[in-house]
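Visitor: Model the full assembly from the supplied sequences, consistent with the hints where possible.
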Amino acid sequence: MEKKKALIVDDEFHIVQVVAIKLRNNGFDVATAENGSQAYDLACQTKPDIIVTDYQMPIMNGLELIEKLRQNPQTAAIPVIMLTARGFSIEDRLQEQLRVSACLSKPFSPREVLGIIEEVLKGQNVAV
Amino acid sequence: MKKDQFIWIAASAAGLAAGGAAILAAVLSGSVSVILLAIVWLSIALTGGMLLHHIHQLKALERVFRVGSQMKIPFEIVPGSVLGDIANAANCLLDETHQKIRQMQDENRDLMLQMQLLRRRKSGIEAVLNSIQDGVLVTDDKDRVLLANPAAQNLLGFEFNKDNACLIQDAVNWPELVQLIVKSRQSKIPHVRHELSRQKDGRPMTFDSVLSCVEDDVGNVLQIVTVLHDITREKEISQMKNDFVSHVSHELKTPLASINAYAEMLVDGEAQDAETMRQFCSVIQGQAQRLSRLIEDILNISRIESGLVKVSRQNHSMALVIQDAVDMIVSYAQEKNISVEAPAPILYDQVYIDRDMISQVIINLLSNAVKYTPSGGQIAIRSEINELDGTITVTVTDTGVGIPEKDLPYVFDKFYRVEANNKYAKGTGLGLNLVKQIVESVHGGSVFASSTPGKGSTFGFILPLAKAAAAQMVS
Chain S
1 MEKKKALIVD DEFHIVQVVA IKLRNNGFDV ATAENGSQAY DLACQTKPDI IVTDYQMPIM
61 NGLELIEKLR QNPQTAAIPV IMLTARGFSI EDRLQEQLRV SACLSKPFSP REVLGIIEEV
121 LKGQNVAV
Chain C
1 MKKDQFIWIA ASAAGLAAGG AAILAAVLSG SVSVILLAIV WLSIALTGGM LLHHIHQLKA
61 LERVFRVGSQ MKIPFEIVPG SVLGDIANAA NCLLDETHQK IRQMQDENRD LMLQMQLLRR
121 RKSGIEAVLN SIQDGVLVTD DKDRVLLANP AAQNLLGFEF NKDNACLIQD AVNWPELVQL
181 IVKSRQSKIP HVRHELSRQK DGRPMTFDSV LSCVEDDVGN VLQIVTVLHD ITREKEISQM
241 KNDFVSHVSH ELKTPLASIN AYAEMLVDGE AQDAETMRQF CSVIQGQAQR LSRLIEDILN
301 ISRIESGLVK VSRQNHSMAL VIQDAVDMIV SYAQEKNISV EAPAPILYDQ VYIDRDMISQ
361 VIINLLSNAV KYTPSGGQIA IRSEINELDG TITVTVTDTG VGIPEKDLPY VFDKFYRVEA
421 NNKYAKGTGL GLNLVKQIVE SVHGGSVFAS STPGKGSTFG FILPLAKAAA AQMVS
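From first to last, the protein sequence lines stand for chains S and C. So for the first sequence, my numbering puts the first residue at 1; every next one is plus one. So for the second sequence, my numbering puts the first residue at 1; every next one is plus one.
Among the hints, erroneous ones may be present.
Unchecked claim - Derived pair list, reagent style EDC-like, types lysine to aspartate or glutamate, alpha-carbon separation capped at 16 angstroms:
#1 C:K371 x S:E34
#2 C:K455 x C:E387
#3 C:K371 x S:D11
#4 S:K122 x S:D49
#5 C:K467 x C:D413
#6 C:K188 x C:D216
#7 C:K142 x C:D170
#8 C:K235 x C:D170
#9 C:K183 x C:D140
#10 C:K336 x S:D11
#11 C:K253 x S:D11
#12 C:K162 x C:E176
#13 S:K3 x S:D49
#14 C:K336 x S:E34
#15 S:K4 x S:D49
What the hints contain is simulated information worked out from the structure, not anything from laboratory work. Quick caveat: nothing in here was measured; it's all calculated off a predicted structure.
Guide: Next comes the structure, spelled out in structure tokens:
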């Protein structure tokens, strides 16, 4: 069976690494990026099955990345999970508008991330 | 003898003398008619004398009433006489008038005193209104401006002329405020509070406005008093605090997220060999230290600000302190392929400092320079002695993204972050504030910064040399 492809985006090296290791250990092909701009270019090239992105990043943040993905027909349908360490969560209205599949607050559990990714890929939006 | 008596006597005597002479002449001449005439003449003389006397008294009375209260009746009152009654009435009237005049004089003195007190109070209130920083505006029931203190005139950009009251709509170019004043007058609500915003000199400003309605006894609006309190800075501070909490939350949660995630990976057996396990533990340790440093920074700033920090000062060579800091940062710079040039050692660069604190200062400046300098850039750290002032200046210059001019005055403020540079690197906005606190509050020096967007920045500090500092301590 073809491996599912995941793109992990976070400017924190260790966060990217821990999620990448978890997913690789569970059968995923993983690519990583450290900001939204890099992630967008990679998404256009590799067409991942799922993207896990941080919110607050330099150059292009998570929201800006999703907006750009949704504007491009080639990447518009890729499900996105947002990780956020900000003091507030993304508004429901905005989540819906940008079709964010799930939001997770840091500190998060890699176990939980894997679980949510698997559910999203099964075709369900997850309320967290 | 009084004058009026004399006149009466003189007139009567003249008449009597004439009459007497006439009667004598008549008697001597034996003429009856002449005698009768003489008698009549005598009577007329007597009456005329009396009349003259009364006329004189009336004139005297008239002078009393005309001249004033200090005069007294200048003749004796003959009881039962006509003029005596008039004189009595006049006396009563005069007494009453004297009393009323004294009363009015007393009331006049009281009024003068009250006027003085009111004038003093008015001066005091005017002094208060002229000196307070809040704008105070008073408008009447027709929306005319009755009063505007200097703060209000400056804020609203008009000159108040009390001799030429104009409508608030014509005086002030702020439709939101004008509408509020008009609505307040129409609604007659005693006190209304609103937050208002406007642009002044290209800067957004926020005001807490309180409008009070002054009414008369029957409920008619007399005045609307508007007080404008500038809360722009408070709002900015509140926003910075919110931003700080948000940033600090992120900064604290990020290492925590790593610690939590890697610990869970260890528990779940995701570290498939010893080396991976060691790496996971190393990350946990590193992130815990990072968290600890952040908390320490926050606490240090707080301690310095409250004067509770422990300072341990000794003479140190600034060149050596700089070299140690460069050694700590050089590997971070190398990861981004940035070169760091340290100064050649110079003689007599001893400074009387807390070494750890000044090291922290230089590390913070170098760390910022690396953070905001793109790959392949350069950083140079220099020191220069000013023998005249007895000071040493240390500068860190980079070829980084630079800082917009409008942000430069605020870069050392607590929590301040240059918005334009957020996309290049993150931070709490505490690093430069800590630099400022250590250099200025603890060591009596000064900090400075200059920059050209797109070309680079120079940050630096000036400290007194050890001899000067020691001399200061002794004095």
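Visitor: None of the hints should be skipped; say for each whether it holds.
Guide: Hints, verified against the model:
1. For the proposed pair C:K371 and S:E34, the alpha carbon gap of about 15 angstroms is at most 16 angstroms, so the pair holds.
2. For the proposed pair C:K455 and C:E387, the alpha carbon gap of about 31 angstroms is over 16 angstroms, so the pair is violated.
3. At most 16 angstroms may separate the alpha-carbon atoms for a hinted pair to count; C:K371 and S:D11 meet this at roughly 13 angstroms.
4. A threshold of 16 angstroms between alpha carbons decides the hint, and for S:K122 with S:D49 the separation of about 11 angstroms falls inside it, so the pair holds.
5. A C-alpha spacing of about 31 angstroms is found between C:K467 and C:D413, which places the hinted pair above 16 angstroms, so the restraint is violated.
6. Among the hinted pairs, C:K188 with C:D216 is consistent with the structure: their alpha-carbon atoms are about 12 angstroms apart, no more than 16 angstroms.
7. Taken as a hint, the C:K142 and C:D170 pair is honoured in the structure, with Cα atoms around 13 angstroms apart against an allowance of 16 angstroms.
8. Our distance criterion of 16 angstroms between C-alpha atoms is broken by C:K235 and C:D170, whose separation comes to about 30 angstroms.
9. As the CA atoms of C:K183 and C:D140 are separated by approximately 13 angstroms, the hinted pair is consistent with the 16 angstroms bound.
10. With a C-alpha separation of about 15 angstroms, the suggested pairing of C:K336 with S:D11 holds against the 16 angstroms cut-off.
11. As the CA atoms of C:K253 and S:D11 are separated by approximately 14 angstroms, the hinted pair is consistent with the 16 angstroms bound.
12. A C-alpha spacing of about 24 angstroms is found between C:K162 and C:E176, which places the hinted pair above 16 angstroms, so the restraint is violated.
13. Only pairs whose Cα atoms come within 16 angstroms are accepted, and S:K3 paired with S:D49 is accepted, the gap being roughly 10 angstroms.
14. Taken as a hint, the C:K336 and S:E34 pair is honoured in the structure, with Cα atoms around 14 angstroms apart against an allowance of 16 angstroms.
15. Of the supplied pair hints, the one linking S:K4 and S:D49 holds, its CA atoms being roughly 6 angstroms apart against a limit of 16 angstroms.
Checked against the numbered hints given earlier, the structure breaks hints 2, 5, 8 and 12 and satisfies all the rest.
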